[in-house]
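Chain B: place on chain A using the hints.
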Amino acid sequence: MRFNDAVIGLVLIVFAIAEIAYTQTFPRLYGQDYGPDLFPILIGVGLIVCGVILVAQGIAARGTSPAMLLGDWAQDRRKLTNLFLLIASVLIYILFSTAIGFIPLSLLILTVLMIRLGTSAMLSVAVAVAATFFIHTMFAKLLLVPLPWGVLLPIAW
Amino acid sequence: MGVIYEAFLLITEPYTLGVMLLAAIFGLFVGSMPGLTATMAAALLIPFTFFMDPVPAIAIVVTAVAMAIFAGDIPGALLRIPGTPASAAYCDESYAMTRKGLAQRALGISLVTSVIGGLTGSVVLSLSAPALAEFAIQFSSFEYFWLACLGLSCAVIISTGSTIKGVVSLMIGLFVATIGIDITAGHPRFTFGSVELMGGISFIPAMIGMFAISEILRYFIAKPVDTSHIEQQPGGSVFRGLWPILKKYKLNIVRGSSIGAIIGILPGAGADIAAWISFAISKKFSKEPEKFGTGHPEGLVDAGSANNASLAGAWVPATVFGIPGDSITAIVIGVLYMKGMNPGPMVFLNNPELIYAVFMSFFIANLALLPLGFGAIKLSRQILKIPQQVLMPVILIFCIVGSFAINNTVFGVTVMLVFGLLAFVMEENGFPVAPAILGIVLGGMLEDNFMSSMIKADGDILGFFSRPISATLGIVTLAIWILPLVAAYLRRRRRLAAD
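Chains as they are written, first to last, in the numbering used here: chain A, 1 to 157; chain B, 1 to 499.
Excised from the complex, chain A in its bound form (with noise of 0.2 Å):
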């Protein structure tokens, strides 16, 4: 997924005024003239200045570089489905790791994402279930990690 350069430019021009804008909340150092607020201000007018320059390179080149290209994935939808389905299954882990716990959180994302990668369903559970308790066993027991247990807690070993 290509954009063109000027897409980028305004989406990192507005980025940094909101920057710099936020910066004004910034409480000023008594009796100085620099204080927290100056460099994130350099950082954002340097943003700036580079983004002017690629909307004018984005605009120059608009002939051959649409707003936005999709490239060869993003226009095949299993491999979408495949991006999606990884982002998803962090952003579950993220969301939900505490109740639901480590080892099944685990056991379902290997397994959901090995099946969509194309390995047979025997071998996807069965390494599923032999590396979730191997990096359970490694990272909880020997290097005392307190991955979350959730709904095994009552098991708990």
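Certain hints may be false.
Stated by the list, open to error - The list that follows gives simulated cross-link-like pairs (lysine-lysine, BS3-like), each with its CA atoms no further than 25 Å apart:
hint, chain 1, residue 1, chain 2, residue 2
1, B, LYS385, A, LYS141
2, B, LYS248, B, LYS287
3, B, LYS385, A, LYS79
No wet-lab data here; the hints were simulated from the structure.
Leaving out everything else, chain B in the frame of chain A:
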């Protein structure tokens, strides 16, 4: 001598050598899997370093990376798919050798030149870093400010693709570094009330995101890697007939190793750029440039030694100034801080035994590469048969657990996902990622040193030129910024005049 002996005892502890061996096997595996990079190997090892003493923690990264850069040559020669970007420069050449039935020889050359290059880089590191540290001990915030500027400029100049996109990438990195409580006024910036963001973006999850998650994302949308055309294990021995080639191209080995070490030292450029440049130089100065591309060993010798030499070179600025020489040392600096070995000249004074033990790990890793790499060549067909569609989801879970483990909060996983997506979108649109990483690592150093210098100089900007070394560094930095603009302006005027 006492310090050296102490360092030797530290690095030869059975536990340290044991974990180094495991890391070596891991590195060989990751390097030889196409799509898994050496930087990813380093990022995946970080969660384990939390639970280790400083020396084994750093030594496992050193070992895994040295192995991975060599192992990247294996699928390059056998499948024409580079295992890591550092092998991309010459995988056509080594595959051409394979087509001639010389796969074992191509891999033999890669292995031996990797070992020699790696050892040369280690010598450069162990000699130059302590000398530089002695010099750097006199540096104040003024000098560090300019050094950070130089490092960041270098990363933009060397980065691939358009310079303006390199600058944008750098700005994004610097912006990320401003998130959290600012040091001068103690005011939270861009945290929007989030307590998790107060301490700043956690560095390790961000790195795991940028180097591992972005690769996984790319795998999920890529065409499946076809390993069916792997050549039959050809006969012949890995080392037979190697000596005459190495003797013939001994100067290439020296040249490749030196170029590699120097490019490694330059901030932001690592093994992949070292291999490209030394391969190009090899072709340019070769007596038989017409043979390049037909399975000619000369370029392999140069580039094979250069990429391994650059690994150690990158540690020179990383240990002495805290400025990463490549993306791997950007991760390592995070580990050094975590282990209380804060990079800078003081670590050479306060913990010399630790830093020398780390340097020794380079020698041990590169020597161990010879037998272990030989084993990897012998097992290469079996390794390359491991299905990636099984591997990638497992790596994803591994990344999630690793990002969680740094602070034991799920917020680390969020940071990992955001930065993975950011790196993915950036690379899709031709923005180099290396300047952003340098921006994240050096942003704090840049701002802290600027602020304390300003307080010292009482707000007088000329203070940055008041000390001899600082003035020199400042002038060099300004020249690097201004000269390309002047050159571009002159070129444009000449072109307009000619029209």
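Hint check:
1. Straight-line distance between C-alpha atoms of LYS385(B) and LYS141(A) comes to about 31 Å, which puts the hinted pair past the 25 Å bound.
2. For the hint linking LYS248(B) to LYS287(B), the alpha-carbon distance of about 12 Å falls within 25 Å, and the restraint holds.
3. At roughly 23 Å between alpha-carbon atoms, LYS385(B) and LYS79(A) fall within 25 Å of each other, so this suggested pair holds.
Against the hints set out earlier in the document, a violation occurs for number 1 only.
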